[in-house]
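Here the structure of chain X is known, so what remains is to put chain U with the ligand in place on it, guided by the hints.
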Amino acid sequence: MGRVPDEASGAAPRAATPPALRPREFLRWGWRQLTSMRTALILLFLLAIASIPGSLIPQKRVDPSAVFLFKQRHPDLSPLFDRIGMFDVYSSVWFSAIYLLLFISLLGCIIPRSWLYLKASRARPPKAPRNLSRLSAYDAWESDASVAEEVERARALLRSERRRVEVYDVSHGEAAGIVVSAEKGYLREAGNLVFHIAVLVVLIGFAFTGLFGFKGSAAVIAGQGFSNTLTQYDDFTPGARFNTDSLSPFQFTVQRFNVAYKRSGEGAGIPLHFDAHLAVTPQPGTAPYDYDLRVNHPLQLGGVSVFLVGHGYAPDITVRDAKGVIVADGPVIFLPQDGSFTSFGVVKAPDAQPSQLGLEGYFFPTAALGPGAAPYSAFPGPLNPVLSLVAYHGDLGLDTGVPQSLYTLDKAKLTPYRSGSGRPMPLLLRKGQTVDLPDGAGTVTFNGLRTWVKLQINDQPGKVIPLVGVVAAILGLLCSLFIRPRRTWVRVRDEDGRTVVEVAALDRVSGGDPGRHVEQVAAALRPTDQEKRQ
Amino acid sequence: MTETYAHLSNNAVYSATIIFTLAMLAHVAEWAMAHQLVAVPTRTEPRALVAAGDRGVDPTQGRVGAPPVHGVDDVDDLERSDRYGRIGFGLTCLGLVVLAAGVLTRGLAAHRVPWGNMYEFAITGCLAVSVAYVILVRGYAIRWLGLLVTGFLVMVLGLAVLVLYRPVSPLVPALHSYWLMIHVSSAAVAGGAYTVGALASVLYLVRRRMEVKAAGHPELPRTGFLWRTPTAEAIDRIAYRVHAFAFPLWTFAVMCGAIWAQYAWGRFWGWDPKEVWAFITWVAYAAYLHARATAGWQGRAAAYVALLGYATFLFNFVGINLFGSGLHSYAGM
Ligand code: HEM
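For the record, the sequence lines run as chains X and U.
When we follow the numbering used here, the leftmost residue of the first sequence carries the number 1, and every step to the right adds one.
When we follow the numbering used here, the leftmost residue of the second sequence carries the number 535, and every step to the right adds one.
One or more of the hints may lead you astray.
Mimicking DSSO-like on lysine-lysine, the simulated pairs with C-alpha atoms at most 27 Å apart in a straight line are [as the list claims (entries may be wrong)]:
1) X/K454 to X/K215
2) U/K747 to X/K71
3) X/K454 to X/K431
4) X/K413 to X/K323
5) X/K60 to U/K808
6) X/K215 to U/K808
7) X/K413 to X/K71
8) X/K262 to X/K454
9) X/K71 to X/K60
10) U/K808 to X/K454
11) X/K411 to X/K71
12) U/K808 to X/K463
13) X/K119 to X/K71
14) X/K431 to X/K323
15) X/K60 to X/K413
Examples of chain U residues toward chain X, derived with CB under 10 Å [claimed, not checked]:
16) R700
17) S711
18) Y797
19) W805
20) T815
21) W816
22) W831
23) L842
Chain U is nowhere near these chain X residues, computed Cβ spacing over 12 Å in every case [stated by the list, open to error]:
24) S51
25) L187
26) A219
27) P354
28) S419
29) P426
30) A441
31) R450
32) R498
Since the hints were made in silico from the structure, they are not lab data.
The C-beta atom is built at its ideal place from N, Cα and C for all residues, glycine as well.
Chain X with its partners taken away, still in its complex shape:
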């Protein structure tokens, strides 16, 4: 193929400016520009450059909380960034524009080339150039055998090497003689086309999966269950074409969650393994079965997959109000903030009397005192679990109609209980302890510790499409890069009663060694000196 593609894809050689501006010609000129190799190259560069900001600036889809922090830190830049899609680069207009152009360029490139290839693949190997000895890979000798014998030998040899062979009888002119033409390496161009088409297939496959699938996540406390309905998800992103009524009605219970951490030495605190034991009911009314859910070992339920992607602590907390009535009770999910599982959480008690109560603060699985007596967690395992909560009273703001996060406290109308020095007073609780709120407002009890798991639940219909595409792309690429199309000619002619044999070869891409090939063909066809003497 070599330099052929530039012509095949119709790159206008020196037409950097549009010729006449008649609409049709202008369109044709534009199309030729778009589908030229040079444009493809420039678009590839642009794609690479356009990808960079998304790795440097936090992305909504990757880490929403990092975006939040970034916006707080850069209030001046953020509105601009928001407008030009810097927080969602890979779905932004400009990123999409580049890859759509590349898409079109690719189509415009593939279609004509596939057409040419189909025509060429049925063509016979071409006739020999007039003067074979001009080719750099060339050899010639005289033989005692007849022309017909030599032609037959050459044909058999080239056939046996799985080349496509054609015999031409050129009966007149200075290049008269019988020519055995052979060609090999058609798969190179086929591989190249397969590769480019497969790139399209991969992209289309991902788009399809995104359109018809969904992605959601849920935090489930060990001992509790999950059933596959919208309300049970913490977040749920359906594809544009996903029908939320079609959620499959499975459910499961997280029976236990186990985790073990390395205790000491280098890498102390690294989790050695974690797994969740599930009892899964794939359909209502079917018998549940056990499943050991681990990282790298998702649960498959029909098309839906359930992944274990995180875990944390859920301290079991009871809050009583001034009258001793239980107003909040049970395990509360605290979100881990660091590798040692210092975790943040809130408790809301809207029914507390005389006013609503809220608690906010940290949980330390292995509490230790840092400099300035600030507590921190020294180890992710629960060796010394301590809660440090600040209590608030007032209005939790739950009646405003705006949905509130479970994990934050709206403090607009809340007042903290303060210590003697006037600062918000943290309540410190060990497991099993109860502390009194100031002014007899109630009590808080840290009953015990539970764990929770973060599950990612996806439906990815058609996810084999991109996989098949990538495999095809790699196979095509291998053909495209390692197969070297080569033409071989053997011309046999009678010259004053002697049979003259010429061999020449031409590679259609650089990098091969046609000279060696000619040597090998010559060695196979040429009578050895010994044979000659006999």
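This is chain U with the ligand only, laid out in the frame that chain X set:
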């Protein structure tokens, strides 16, 4: 047992660093000895340099005869230079074996594949580079890359030993995956080949410049080691072959990474910084392969694109590991 293996591993990595340093010095001597040697006469000269006429074209070879010789080789110098070259290569092979032992014992000490942190990445990566180099010397006779390759190995291993070193520690559960093993090992081999390809591209650019300069001044002497390497054209071809080997492998590595990500995190592709840069590297090398087939972009421009691709690859290993966050941050120091 872990202690013994860890100890063995450290000693092997130190020793390999020293052996590669000696190999580098041998290659320096090889270059120094070649200071007075003239251009190799039998190799292909690029067409542009061939003045028509007196240098005949040998039709069976398609090769161009000897360029004018400005002086005669000192046979002793030639022999000495070559001897040092061979010593350098021999030491490189020895260093490879010792480094392989170091990487293997590191894995045995940790009961896992040895690429859990930057130190392990660096030593495994150096092993990949030296394996790729030795294979290519056998296949394509690229011993002229010896100085650049050993220089690279010494630099990276030195950095690994002095700065990046970490004692053995376990991997987080997400990293226990066969797909990950395939992913990282193919990425390491592809990276080794990219490294050799980048070094070859650098040498191509240097050699090309020399040739272009010399073409304008036929009276200048063509002496020194660089004139004894293959022609720019031939180096370019070899660089292409190395890249052509690396690129499908890199594609495969990225695919395995995506499959692993699917198992571990429930998505094939999430534009995590490490994924972004793997993609950028992929696109850059695709651009390199394109450039070689695009009029006006062959040769020098394509070589620069290849180097750009290598820069993105390095940035992924070094930059993202050091500053990056995201799911792949296990790879941090
Ligand atoms: C999604 C974007 C694209 C990617 C990732 C891509 C990738 C590649 C790769 C890796 C190769 C090397 C294989 C080889 O050398 O045989 C290649 C070759 C080629 N590509 Fe693309 N390509 C893309 C778009 C295009 C477009 C839009 C065109 C049309 C102008 C095009 C035309 C070609 C041609 C003609 C070759 C063969 C070059 C040769 O003979 O060496 N590609 N492409």
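Here is how each hint holds up against the structure:
At roughly 13 Å between alpha-carbon atoms, X/K454 and X/K215 fall within 27 Å of each other, so this suggested pair holds. Distance check on the hinted pair: U/K747 and X/K71 sit about 54 Å apart at the alpha-carbon level, beyond 27 Å; violated. For the hint pairing X/K454 with X/K431, the CA-to-CA distance comes to about 24 Å; that is within 27 Å, so the pair holds. With a C-alpha separation of about 23 Å, the suggested pairing of X/K413 with X/K323 holds against the 27 Å cut-off.
For the suggested pair X/K60 and U/K808, the alpha carbons sit about 16 Å apart, so the restraint of at most 27 Å is met. For the proposed pair X/K215 and U/K808, the alpha carbon gap of about 22 Å is at most 27 Å, so the pair holds. As the CA atoms of X/K413 and X/K71 are separated by approximately 25 Å, the hinted pair is consistent with the 27 Å bound. A threshold of 27 Å between alpha carbons decides the hint, and for X/K262 with X/K454 the separation of about 22 Å falls inside it, so the pair holds.
Between the alpha carbons of X/K71 and X/K60 the distance comes to roughly 11 Å, so the proposed pair stays at or under 27 Å and holds. Taken as a hint, the U/K808 and X/K454 pair is honoured in the structure, with Cα atoms around 23 Å apart against an allowance of 27 Å. Between X/K411 and X/K71 the CA atoms are separated by roughly 21 Å; this keeps the pair inside 27 Å, and the hint holds. In summary, the hint linking U/K808 to X/K463 is supported, as the alpha carbons are separated by about 22 Å, within the 27 Å threshold.
Annotation: proposed proximity of X/K119 to X/K71 is violated, straight-line Cα distance about 58 Å (limit 27 Å). Distance check on the hinted pair: X/K431 and X/K323 sit about 24 Å apart at the alpha-carbon level, within 27 Å; holds. Taking the CA atoms of X/K60 and X/K413, the gap is near 30 Å; set against the 27 Å cutoff, the hint is violated. Residue-level restraint check for U/R700 holds (minimum Cβ-Cβ distance to chain X is 7 Å; threshold 10 Å).
Among the interface hints, the one on U/S711 holds; its C-beta lies about 5 Å from the nearest C-beta in chain X, closer than the 10 Å criterion. For the restraint placing U/Y797 at the interface with chain X, the shortest Cβ-Cβ distance is roughly 5 Å, inside the 10 Å limit, so the hint holds. With a least beta-carbon distance of about 5 Å to chain X, the hint placing U/W805 at the interface is held under the 10 Å criterion. At its closest, the beta carbon of U/T815 sits 9 Å from a beta carbon of chain X; the interface hint therefore holds under the 10 Å criterion.
Annotation: U/W816 was flagged as interfacial toward chain X, and the flag holds, the nearest CB pair being 9 Å apart, inside 10 Å. Checking U/W831 against chain X: minimum C-beta separation of about 7 Å stays under 10 Å; hint holds. Hint on U/L842 holds. Least Cβ distance to chain X is approximately 9 Å, under the 10 Å limit. Look at X/S51: its CB is around 5 Å from the nearest CB on chain U, not clear of 12 Å, so calling it non-interface is violated.
Consistency note on X/L187: stated as away from chain U, and its beta-carbon is indeed over 12 Å from all of that chain's, at 15 Å minimum. For X/A219, the requirement that its beta carbon stay farther than 12 Å from each beta carbon of chain U is met, with the minimum near 15 Å. Annotated as non-interface, X/P354 keeps its C-beta farther than 12 Å from every C-beta of chain U; the closest such distance is 46 Å. Distance check for X/S419 against chain U: the nearest CB is about 37 Å away, which clears 12 Å, and the non-interface claim stands.
With a minimum CB-CB distance of about 29 Å to chain U, X/P426 clears the 12 Å threshold, and the non-interface call stands. Annotated as non-interface, X/A441 keeps its C-beta farther than 12 Å from every C-beta of chain U; the closest such distance is 41 Å. Residue-level check passed: X/R450 sits 21 Å from the nearest beta carbon of chain U, beyond 12 Å. Listed as a non-interface residue, X/R498 keeps its Cβ farther than 12 Å from every Cβ of chain U; the least gap is roughly 21 Å.
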